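Engineer: The sequence shown runs 65 to 363 under this note's numbering.
In short, the hints are calculated from the structure, not lab data. One should not assume that every hint holds.
[Claimed, not checked] EDC-like, lysine to aspartate or glutamate: derived pairs with alpha carbons at most 20 Å apart:
#: 1; residue 1: K244; residue 2: E153
#: 2; residue 1: K244; residue 2: D310
#: 3; residue 1: K244; residue 2: E254
#: 4; residue 1: K206; residue 2: D310
The structure displayed is predicted, hence computed values, not measured ones.
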Amino acid sequence: MAEPPIEQRSLTVRGLRVALLEAGPRDGPGLLLLHGFPDSAWSWSRQIPVFAAAGYRVVAPWLRGYPPSEIPPPGAYYDRATLALDLDELIQALWGQRACDLIAQDWGAALSYGLLALRPQRVRRAVLLAVPHPATVRATLKRSPRHVLRSFHWFLFQLPRLPEWLCARHDYRFLETLWKLWSPQFDDAEHVARIRQAFATPGAIEAALAYYRALFDARLADPALAGLRARLDDPITVPTLALCGDRDMRRELLEPQRVHFAGEYAHAVVAGAGHFLHREQPEAVNRLALDWLRRPAAA
């Protein structure tokens, strides 16, 4: 049976052009796939055909500032509230007031925790990969040198200019280094080469680093969204499954983060996988995700 074709198109959300991949029946239930750093919408190439064949209308966008999505002008905001609103309005642009299902990894997952807290009506069920709840991560970094070392890039990226230079030298080889560090037993050379090429777009690396800088510097957050920002860590009622690879130490945080969920929550560890578990073990991740999304609503 032939795989459903994957189309690429764009639409405008909050004044910015958003590029996305799309597949599956147009009248199927919506499924939004969100990538992380350093990555792209093509990260989901091993999920899109599977879920499209299962009847979903699958959409995988490039996040704000990730080419071929539009790179915002200098001074644009990348705080978690701003990025959650991006997702909120993207879902409305795609499916109106209908809720979609959601699968997200790395930064996509980090943003999704905020979306689920702020706009639970937008998402029916969620599967979040590799990155635990931001509040759990913050608390862990205060007491665990091991996890600080695991997140060394968060602190490196706070420096001015040096991270841009480091990432860009030798044709963005540092991005490949991060992939090898986080998934050391997995070779994804062709996909990573495409990512390196995309980050050579002027302004792309600055946009990606802005996500990290806005985490630490309150001056980089949109002051108009202070009220929303205060609610980003509200209890989550959307049924959520958290997944992590068994070679990623962040698996240790899957149970502790349960305190941030007021609704149905489950977690699982995927064997033989590091940080990019959806690419390393796609069959296992797809099976777990599809089973979760197909579960009936809890009584």
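Engineer: Each hint should be assessed against the structure and marked as holding or not.
Structural biologist: Hints versus structure:
1. Restraint check for K244 and E153: not satisfied, since their Cα atoms lie roughly 34 Å apart, outside the 20 Å limit.
2. Proximity of K244 to D310 is assessed by CA-CA distance (about 16 Å); at most 20 Å being required, the pair is judged to hold.
3. Pair hint K244 plus E254 holds up; C-alpha atoms about 13 Å apart against a cutoff of 20 Å.
4. Note on K206 and D310: the hinted pairing is violated, with a Cα-Cα distance of about 23 Å set against a maximum of 20 Å.
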